[in-house]
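Colleague: Starting from the given sequences, assemble the full structure and let the hints guide the process.
Read top to bottom, the protein sequences are chains A and B. Counting along the first sequence from 1, when you hit position 234 you're at 234 in the working numbering, and nothing is skipped either side. Counting along the second sequence from 1, when you hit position 386 you're at 386 in the working numbering, and nothing is skipped either side.
Some hints here could point you the wrong way.
Since copy identity is lost for identical chains, a pair holds within one copy or between any two.
[Claimed, not checked] Heads up, simulated BS3-like pairs for lysine-lysine below, C-alpha to C-alpha not over 27 Å straight-line:
no.	residue 1	residue 2
1	K198	K164
2	K195	K297
3	K129	K145
4	K145	K181
5	K129	K336
If you're looking for bench data, these hints aren't it; they were derived computationally from the structure. Because the structure is a prediction, the values reported are computed rather than measured.
Number of protein chains: 2
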Amino acid sequence: MNLVKQKTDQAISILNELDIDIWLTYVRKTSEIHDPSLYFLMEDSWLTWQTVLLITKSGKKIAICGRYDVTNLEKIGVYDTIIGYDESIKTDLIKVLDEIDPSSIAINYSIDNVAADGLTHGMWLRLNKLLEGTPYLERLVSSEKLLAALRGRKTELEINKIKKAVEISENGHKKVTEFIKLEMSEEDIEKMLLKFTKEKGVTVSYPPLIHVGATTSIGHGKASSDIKVKRGDLINVDYGVFFEGYASDLQRMNYILREGEIMPPKEVVRAFETVIRAITTSAEKLKPGVYGWEVDKIARDIVIKEGYKEFMHALGHQIGRNVHDSGCLLGPKWEKYGNSPLMLVEENQAFTLELHVYVENHGYCSIEEDVLVTKDGCEFLSVRQLELSLIRL
Amino acid sequence: MNLVKQKTDQAISILNELDIDIWLTYVRKTSEIHDPSLYFLMEDSWLTWQTVLLITKSGKKIAICGRYDVTNLEKIGVYDTIIGYDESIKTDLIKVLDEIDPSSIAINYSIDNVAADGLTHGMWLRLNKLLEGTPYLERLVSSEKLLAALRGRKTELEINKIKKAVEISENGHKKVTEFIKLEMSEEDIEKMLLKFTKEKGVTVSYPPLIHVGATTSIGHGKASSDIKVKRGDLINVDYGVFFEGYASDLQRMNYILREGEIMPPKEVVRAFETVIRAITTSAEKLKPGVYGWEVDKIARDIVIKEGYKEFMHALGHQIGRNVHDSGCLLGPKWEKYGNSPLMLVEENQAFTLELHVYVENHGYCSIEEDVLVTKDGCEFLSVRQLELSLIRL
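Modeller: The following block contains the structure:
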């Protein structure tokens, strides 16, 4: 069964669970603005004119599209009814809605969940205009719950793609460990990883982040050509790939031993162990039915209790069609995260677990693992890094 | 000067022309949903948290972004002020607006222009929440006029990129003419073009459309593996590429001579000549200050007068950062095109001129050229196809 068939079937079962009559995705020129829901509604191709894709609680899959897009939608083999129009979508849309007479219509807008927010404001206004004078205008609801479930709950096909993406990232990280030389710049490491990614026939899920030593720029900054590997440096690499549209996201740590050093300095060891313990302890609590913020708090409390500066990001985001997938977030209740930390963890969601502390004079100490929520806990999709990789150069 | 610098400077001058105080672009997780305006506001990188990019009439360029995105925005070298926040964008945004006290704030939503409609409905609601209780809520206007001008009026840097994209497409079309053999399928031709595109180090601006003979599926359908080249077929190929982010879009025609044939049949010649004449005549009328629909009507009238079925699409769309670029459209006043055919043509806009007629038993006869509007007319960016390419196999 293909993925679009699998996910649209899953959408039907979620519509029943949430008691929503139809899910209506309204898009135009998808090469210009791409509603993230389209990943589950069609294969990788483009729609030119205004198109409505409808999934109903009763199991119908209907597309209304510009005449010249009909063949493309037919070839997906998922929609039972495909209606092509020439001048305006209005007549066909109203006709289809009249036949179903839905009492609730989920559309893709969401204040908090970017992946459920594919309807632009102009298209919202347009939809209001199209539905003017019909009873449907007052039956519009947000699809955010539907989409959080649909994106979050991975099917076996999706899990296997993520596992493959994780495996490729792990090999990339191993390559970094072998590749590092003194005087190599952050940019050199980035270039090697980009080359590796290309050779594997995949794409990065995010521009690789390379953090070398104490002077690196932390966060989403680009790799520097001036910052170079030297002894005593902590080297952090954040690298993930997309495999057939599904992302991995992993961070690994290396330490460059100083001359005569057998072990890293105590403060480096303590930092690394704190990060590992925070991941282990929070992973033990991660299971269906807990709130996202609860899991975040466990790791955050450990870091703060150890006297480190609090990390100013969430402990874990979902991964899937995007490297930062939306829905339930293992994060603190900060305004910028909206309601996502207040959502419940569900089975078959894939999360990252990631956090960092900073070690004066050595650098950024950060690990990120990928996990899958199981029936009563979680399993690691990545082979965990439990020991700091020590490099003698 | 880099493109972002050039386009943001151009935005300042358009803000002055339209007397709008500021242009405010509000985005989040741009890897998930990408506001098309970002092409002109930053380089190809991603913003993770809610970000506001502000361009003011008085010439200021201000960014307010999540702490970890600061470095990325700094590296673009275009924003004078970059403010990083941790928990919420609200305080900094209100502070910046209070300092400017703009009487009009252009934001990216548009009923008719997809390229000016990058603000999602959820972000619109969020912006309303952020600005609640401030005077700014009532000062929001659509940026569609600003963006139509900014996207439409190509700078020299942009024109050169389009010219290069046109040249690569033309070479692809030449390759098709050399490549065609009897019994070759539409899909074979498509594959060859995709390979050619990859070798040139570019990407297609649209999946190539291959129309072989009378049984082809017209429009945006995928190439068929069953429909194969035979004598007497008209072969139409619609193929464009992106060169450094800028698109070309060209259609070329070939005819496979039948045994003993020196010239194609009369009805094929008449169809081809009608298409060519419609392009020539409409190009003669294309200049700054005419309405989009006026140019479309010239070509449409010629086709109808010759007794052919009317083509059910616009004569010409703009090309640029997208292959179907928005703003003024050389199209009929159909509901689905909104106000775009009612807009005026401006200097330095790049358009396609394309139309087709169908020839019973032979196939789809369609040509598409790319043109640039000059001070008092237009110039062809492509070397026009004025003769049907005749292939003897």
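Colleague: Determine for every hint whether it applies to the structure shown.
Modeller: Hints, one by one, checked against the model:
In this assembly of identical chains, K198 and K164 lie within 27 Å of each other by CA distance both inside one copy and across copies; the values are 15 Å within and 25 Å between. Taking the shortest Cα distances, K195 and K297 never come within 27 Å of each other, neither inside one copy (38 Å) nor across copies (51 Å). Taking the closest pair of Cα atoms, K129 and K145 come within 27 Å of each other both inside a single copy (25 Å) and across two copies (21 Å). Taking identical chains as interchangeable, the C-alpha atoms of K145 and K181 are never at most 27 Å apart, the minima being 49 Å within one chain and 53 Å between chains.
With identical chains, the CA atoms of K129 and K336 are at most 27 Å apart between copies only, with a shortest distance of 13 Å across copies and 32 Å within one.
Violated hints for the displayed structure, listed by number in ascending order: 2 and 4.
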